[in-house]
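Engineer: Chain by chain, the residues:
Number of protein chains: 2
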Amino acid sequence: MICWFHFQTMPELRKDPVTGRWVIIATERIRRPSDYLVESSPPRGGTCPFCPGNEAETPPEIEAFGEEGRAPNGPGWWLRVVPNKYPALRVEGDLHRTGKGIYDLMNGVGAHEIIVETPVHDQELADLSDSSIEKVIWAYRDRMMDLKKDARLLYALVFKNHGDAAGASLEHPHSQIIATPIIPKRVQEELKGARQYYDYRERCIFCDMLQQELRERERLIFENASCVAVAPFASRFPFETWIMPKVHQADFLQIGKQSAIDLARAMKEVLVRLKRTLNDPPYNYMLHTMPLQENDPDAYHWHIEIIPKLTKVAGFEWGSGFYINPTPPEEAAAALREPV
Amino acid sequence: MICWFHFQTMPELRKDPVTGRWVIIATERIRRPSDYLVESSPPRGGTCPFCPGNEAETPPEIEAFGEEGRAPNGPGWWLRVVPNKYPALRVEGDLHRTGKGIYDLMNGVGAHEIIVETPVHDQELADLSDSSIEKVIWAYRDRMMDLKKDARLLYALVFKNHGDAAGASLEHPHSQIIATPIIPKRVQEELKGARQYYDYRERCIFCDMLQQELRERERLIFENASCVAVAPFASRFPFETWIMPKVHQADFLQIGKQSAIDLARAMKEVLVRLKRTLNDPPYNYMLHTMPLQENDPDAYHWHIEIIPKLTKVAGFEWGSGFYINPTPPEEAAAALREPV
Chain A
16 MICWFHFQTM PELRKDPVTG RWVIIATERI RRPSDYLVES SPPRGGTCPF CPGNEAETPP
76 EIEAFGEEGR APNGPGWWLR VVPNKYPALR VEGDLHRTGK GIYDLMNGVG AHEIIVETPV
136 HDQELADLSD SSIEKVIWAY RDRMMDLKKD ARLLYALVFK NHGDAAGASL EHPHSQIIAT
196 PIIPKRVQEE LKGARQYYDY RERCIFCDML QQELRERERL IFENASCVAV APFASRFPFE
256 TWIMPKVHQA DFLQIGKQSA IDLARAMKEV LVRLKRTLND PPYNYMLHTM PLQENDPDAY
316 HWHIEIIPKL TKVAGFEWGS GFYINPTPPE EAAAALREPV
Chain B
16 MICWFHFQTM PELRKDPVTG RWVIIATERI RRPSDYLVES SPPRGGTCPF CPGNEAETPP
76 EIEAFGEEGR APNGPGWWLR VVPNKYPALR VEGDLHRTGK GIYDLMNGVG AHEIIVETPV
136 HDQELADLSD SSIEKVIWAY RDRMMDLKKD ARLLYALVFK NHGDAAGASL EHPHSQIIAT
196 PIIPKRVQEE LKGARQYYDY RERCIFCDML QQELRERERL IFENASCVAV APFASRFPFE
256 TWIMPKVHQA DFLQIGKQSA IDLARAMKEV LVRLKRTLND PPYNYMLHTM PLQENDPDAY
316 HWHIEIIPKL TKVAGFEWGS GFYINPTPPE EAAAALREPV
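Respectively, the protein sequence lines represent chains A and B. Quick note on my numbering: the first sequence kicks off at 16 and runs consecutively. Quick note on my numbering: the second sequence kicks off at 16 and runs consecutively.
Looking at chain A on its own, in the form it has when it is part of the complex (with noise of 0.2 Å):
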């Protein structure tokens, strides 16, 4: 039997025509106006669908770390992925991509799952214990190792939303993964701006960033032997941080075991800084590197970008793309680098 309603309500991927800008028309999650009128914080308390002892209430597990012997869908876990249950865009079909007049658009395909950090509803991802943390890491790296396999899936993007400010629908600890089946414009403008100073330098942008960073160390907020976590020359926002491998790497997926453990360090340290000195502030923070179907090694350099939201983007910034932030990088360093 052919659903119609499923085929009705499948995500529409929607191309701007004059800035090739993608947008997601939601279906899964559809608001309709009168939704608009009604709190729209997400309710705290109730049952949490992320808890041990509720797996029933999410999809099916993609994954998990847990005891040995723990059979799935059930409690004994400390980290677990599952597909989001409202999800943006949706595994199954084909992409369809198909013009409208003047539009272009696609079915929404792709796949959007959640990492759930750790079974404790209260412990924040900067609460974790190290080892806790390189567990996320991997499980990032899993997930996009299997994402990768379906050719249809051109990128996938990890991140994380801390905090109801920051976008976070709920409160117990988790990341998302978004694959779609298009290279975002941002990822794109990164990936040519880096290319075009490798064609200049034959050098990693990248790598030369961290050498000045390294060498000047006024925006420098940590390091270990694999890591810098640095206050980016151009940030957009108040104590944005940036965390990158020493050594060049372009593509996450190659992490080996050492580098992820200083990641994962490098995170704790930043998180933990971050909690302390802004009073546990809602965040962002995106993994960025290379498409899940590109193999280019030289020119980009992965790096997960951290943005807390202590500002309010507004109409200058909507309009020009251009921020305005008020507290300079130097000075963002220097209270993070005040030792925890």
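Think of the hints as simulated: they come from the structure by calculation, not from any bench. Accuracy of the hints is not assured; some may be wrong.
Copies of the same chain look alike in the list, so a pair counts if it works inside one copy or between any two.
[To be verified] As a list, the in silico BS3-like pairs of lysine-lysine whose alpha-carbon atoms are at most 30 Å apart:
| # | residue 1 | residue 2 |
| --- | --- | --- |
| 1 | K207 | K164 |
| 2 | K30 | K207 |
| 3 | K290 | K163 |
| 4 | K200 | K327 |
| 5 | K200 | K115 |
| 6 | K150 | K261 |
| 7 | K200 | K30 |
| 8 | K272 | K290 |
| 9 | K261 | K100 |
| 10 | K327 | K30 |
| 11 | K30 | K261 |
| 12 | K30 | K290 |
| 13 | K327 | K290 |
| 14 | K327 | K261 |
| 15 | K327 | K207 |
Since the structure of chain A is already known, use the hints to place chain B on it.
Structural biologist: Same frame as chain A, now just chain B:
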């Protein structure tokens, strides 16, 4: 006497070396780490610097519309334009483009002005008469015409932040203009996209969009003799609305008397409908028009983009430039089409 303090606090424009994105490090409105520990919502109540009688609390006015014979910087005005007391950019000084290792920067030269739209503190733009809104439109045009005379200024962005969540730091209805010594990235993208379409088809892409919208009518919100309001096909945000002139016109500065009357009417209609349908939502709007020092009448088409703030921009949007919109524009337009 050289004021060193002044030089030290000059805002700085910094460029991200990978993406070419510029940021303003706004030293005039500097916020130190400890400033983020207090509640960031703007104080309500107290003395409003934009209310009649308090004219001395703003820098001296640049322009005002008011009663005949009125003295500048006193009451009796209907609309008043003043420099921002805490400008993101400063008019004084030269650009002094320079490099710092891999990075590029320049002085934060530019203009930052406030258009106080009405003397009445609690009268929103949506509450103003058509003729008062028309005055706001003429003030935008006057100020842009004047800023155009300064050859250092390449773009003037007119925008409005309404409501705390949309970044308005003062309640009294006002718009802003920021003029920058570079053409912002988003503006360049839009100009480039429109130019590519024109080179291929020898038609304005916005005119083609308008034709399709007027034919299909499912995303149409309002039209009069010279203006159309539509929910764009690839709306980033729920209830995003664009207002465009029907007849091709690249540069807002060329607007004629009847178009300004019709634009005021269209803005009033859209703002009243948004207010009624969504219970006075916070919103931003941005005027998209030609760069100040360019004259390319064919490919571009000025318009106003209105974005209500109903959803939160989160990690996925920041990382990808992709937007997830839970309300199809066809549904938003249908709701906004309902008679007022």
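Engineer: Each of the hints needs a verdict: does it hold here or not?
Structural biologist: Against the structure, the hints come out as follows:
Taking the shortest Cα distances, K207 and K164 sit within 30 Å of each other inside one copy (25 Å), while across copies they are farther apart (35 Å). Proximity of K30 and K207 under a CA criterion of 30 Å is satisfied in both settings, with 20 Å inside one chain copy and 16 Å between copies. Taking identical chains as interchangeable, the C-alpha atoms of K290 and K163 are never at most 30 Å apart, the minima being 34 Å within one chain and 45 Å between chains. Proximity of K200 to K327 under the C-alpha cut-off of 30 Å is found in both arrangements, the shortest distances being 23 Å within a copy and 20 Å between copies.
Proximity of K200 to K115 under the C-alpha cut-off of 30 Å is found in both arrangements, the shortest distances being 22 Å within a copy and 28 Å between copies. Taking the closest pair of Cα atoms, K150 and K261 come within 30 Å of each other only inside a single copy of the chain (21 Å); across copies the shortest separation is 57 Å, beyond that limit. Both within a single protomer and between protomers do K200 and K30 lie at most 30 Å apart by alpha-carbon distance, with minima of 11 Å and 19 Å respectively. In this assembly of identical chains, K272 and K290 lie within 30 Å of each other by CA distance solely inside one copy; the values are 27 Å within and 55 Å between copies.
When the C-alpha separation of K261 and K100 is checked against a cutoff of 30 Å, the pair qualifies neither within a copy, at 37 Å, nor between copies, at 43 Å. For the identical chains of this complex, K327 and K30 are neighbours both inside a copy (26 Å) and across copies (21 Å), given an alpha-carbon limit of 30 Å. In this assembly of identical chains, the alpha carbons of K30 and K261 lie at most 30 Å apart only when taken from different copies (22 Å versus 37 Å within one copy). Proximity of K30 and K290 under a CA criterion of 30 Å is satisfied inter-copy only: 28 Å between copies versus 38 Å inside one chain copy.
Taking the shortest alpha-carbon separations for K327 and K290, both the intra-copy value of 19 Å and the inter-copy value of 21 Å come in at or below 30 Å. When the C-alpha separation of K327 and K261 is checked against a cutoff of 30 Å, the pair qualifies neither within a copy, at 32 Å, nor between copies, at 33 Å. Taking the shortest Cα distances, K327 and K207 sit within 30 Å of each other both inside one copy (29 Å) and across copies (28 Å).
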